[in-house]
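Novice: Residue strings, one per chain:
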Amino acid sequence: MKLGMNESLFRVLIVSFAIILLWWALVAITQVPSFILPSPEKVFSRLWQLTDVLYPHFLVTLIEIIFGVVLGVSAGLIFAILMVYFKPVRLWLLPVLLFSQAIPVFAIAPILVLWFGYGIASKVIMAAVIIFFPILMTSFDGLRQSSKDYLELAQSMRANRLSILFRIQLPAALPVMASGFRMAMVVAPIGAIIGEWVGSSQGLGYFMLYANARMQVADMFAALFLLCLLSISLYYLADQCLKKLIFWQQDNS
Amino acid sequence: MIQSNQLASYSDTQDEYLITASLKYEQHLDYVYQDVELRLPFNQVTCLLGQSGCGKSSLLKHLVGLHKSVFLNELAIQKSDQANLEIKSFQESLAYMAQQDLLLPWLSVIDNVLLAYDLKRPMFTKKNQFDPTLKNRALSILEQVGLADKADNQVSTLSGGMRQRVALARTLIQDKSIILMDEPFSSVDAITRDKLQQLSCHLFKDKTVLLVTHDPLEALIMGHQVLHFSRHTKNETLFNRLAPMPLPSSVPPRNIGYEVSGYHSQLMQIMQARQ
Chain A
1 MKLGMNESLF RVLIVSFAII LLWWALVAIT QVPSFILPSP EKVFSRLWQL TDVLYPHFLV
61 TLIEIIFGVV LGVSAGLIFA ILMVYFKPVR LWLLPVLLFS QAIPVFAIAP ILVLWFGYGI
121 ASKVIMAAVI IFFPILMTSF DGLRQSSKDY LELAQSMRAN RLSILFRIQL PAALPVMASG
181 FRMAMVVAPI GAIIGEWVGS SQGLGYFMLY ANARMQVADM FAALFLLCLL SISLYYLADQ
241 CLKKLIFWQQ DNS
Chain B
1 MIQSNQLASY SDTQDEYLIT ASLKYEQHLD YVYQDVELRL PFNQVTCLLG QSGCGKSSLL
61 KHLVGLHKSV FLNELAIQKS DQANLEIKSF QESLAYMAQQ DLLLPWLSVI DNVLLAYDLK
121 RPMFTKKNQF DPTLKNRALS ILEQVGLADK ADNQVSTLSG GMRQRVALAR TLIQDKSIIL
181 MDEPFSSVDA ITRDKLQQLS CHLFKDKTVL LVTHDPLEAL IMGHQVLHFS RHTKNETLFN
241 RLAPMPLPSS VPPRNIGYEV SGYHSQLMQI MQARQ
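Protein chains in written order, with my numbering: chain A, 1 to 253; chain B, 1 to 275.
Keep in mind that the hints were calculated from the coordinates and are not lab data. Values in this document were obtained by computation on a predicted structure and should not be read as measured data. Among the clues, some could well be false.
Covered by chain A, according to a simulated footprint, are these stretches of chain B (three or more residues, beta-carbon under 8 Å) [to be verified]:
#: 1; region: 56–65
#: 2; region: 112–124
Looking from chain B toward chain A, a few residues come up when the C-beta cut is under 8 Å (computed) [as the list claims (entries may be wrong)]:
#: 3; residue: Glu92
#: 4; residue: Tyr96
#: 5; residue: Ala98
#: 6; residue: Gln100
#: 7; residue: Leu102
#: 8; residue: Leu104
#: 9; residue: Pro105
#: 10; residue: Trp106
#: 11; residue: Gln154
#: 12; residue: Ser156
#: 13; residue: Gln174
Glycine included, every Cβ here is placed at the ideal spot set by N, Cα and C.
Work the whole structure out from these sequences, hints included.
Specialist: Structural data, given as structure tokens:
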């Protein structure tokens, strides 16, 4: 497993390197002006110079994403459990949730900022909202599919519901839920960034808008690069944690 | 005939559970079964033999108490001609073994064996705080099923037969007087199945066992009593028949041999005739 992780990390590095090389070649050959597409070395030098400036913005976005993920995952899990256990909740909540998903998250961003202010809260909620549905559906499916036979066995042992939920159903649903968690890790940054675009005074999204307004395209790319780095690291972190957690299911794909 | 004498001797000398059951699902017109009468002699293996879809598994699950949300669900249990036994106390003194081994892949072998106790552990308490006597009992039962050296293994490392033996150990450690089994050995190969059947017969010496099976051979190897469960509809009314089947006079576990084979073909003929 350790080897597998190193290998995939190695592949990511190779691909990133290739993209940067391609980017560098494109700029060198076409001679685009740097306010359209700055060359990689310029972006990286800006990144180096702006470290102190970017760091607090980076931290703010990171915190927004983490809180958003925690909030979205817990809300999704709780609703999934309620839906599995209580039929009326399932019957009445599912249409409401489907309806809520029909509204583009981008459209409600301004409203969320209006309600929860320019601070971190509105971005956390934005990220939570965007991951809520995938988490809910995968958790619901996972819990519902957890084999009826396991439940019957546990019932024959006269176990109580809570015990069955925590010691059989939730662990059994973990492999299905994991795909939802992985997806959440990739999508959550989108929520945070949209929130920052709509209204904020800090965060990588805010910094990008700020740089954009001043035509500092290299600074924008520097922030973008940081954002990519953040998303990818979060994904890998989540992936590794999930693999440790679901140790009994080893698919080496 | 031999078998009728045998039956008479059971009901004369032995304590038994007399079970009467009816079951009907909400969406269905027909009963799954109606007023079925089943006698379970104490400390013996009763085999319920029947084809797929005859309702034998339903009856077993009914006894376990898994049919809570069906339309009509009647169950009465008497203990040897005495007053009615409370269903709950019957259900609390039984252990259930399903067709699949149902081992939890995230638990080690010994933790799977101790599942019934683990599930009763209060919420938010630490795992693996089983008292040592319980752990020792789990180990000794694992030794009886021949898996003492595998106690700390992950279940994914076990073969199908071994998994079924862990399931057997998990059923035994609950220390219940009644064991209900639903085709527990139908998913393993013939040789392993035979070993498992012999082993469980030895381990079930002082247990009252109801074994549901579709395999006449399994019933012949393991049963003190074999009942053929069949359903017919005549004039749009359902009849469930629970007819005793002929059995060799020897004591189970019987070895597969000339005698058992003879009875096997006899049972097959009876089952085909009643179809």
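Novice: For each hint, tell me whether it holds in the structure or not.
Specialist: Against the structure, the hints come out as follows:
1. 56–65: holds (count 3)
2. 112–124: With 7 residues closer than 8 Å to chain A, the region 112–124 of chain B meets the three-residue bar; holds.
3. Glu92: Holds - the Cβ of B:Glu92 comes within 8 Å of chain A, reaching about 6 Å at its closest.
4. Tyr96: With a closest approach of 3 Å, the B:Tyr96 hint holds.
5. Ala98: Interface hint status for B:Ala98: holds (6 Å vs cutoff 8 Å).
6. Gln100: 6 Å, holds
7. Leu102: 5 Å, holds
8. Leu104: 7 Å, holds
9. Pro105: 4 Å, holds
10. Trp106: 5 Å, holds
11. Gln154: 7 Å, holds
12. Ser156: 6 Å, holds
13. Gln174: With Cβ-Cβ at 7 Å, under 8 Å, it holds.
Hint compliance for this structure: no hint is broken.
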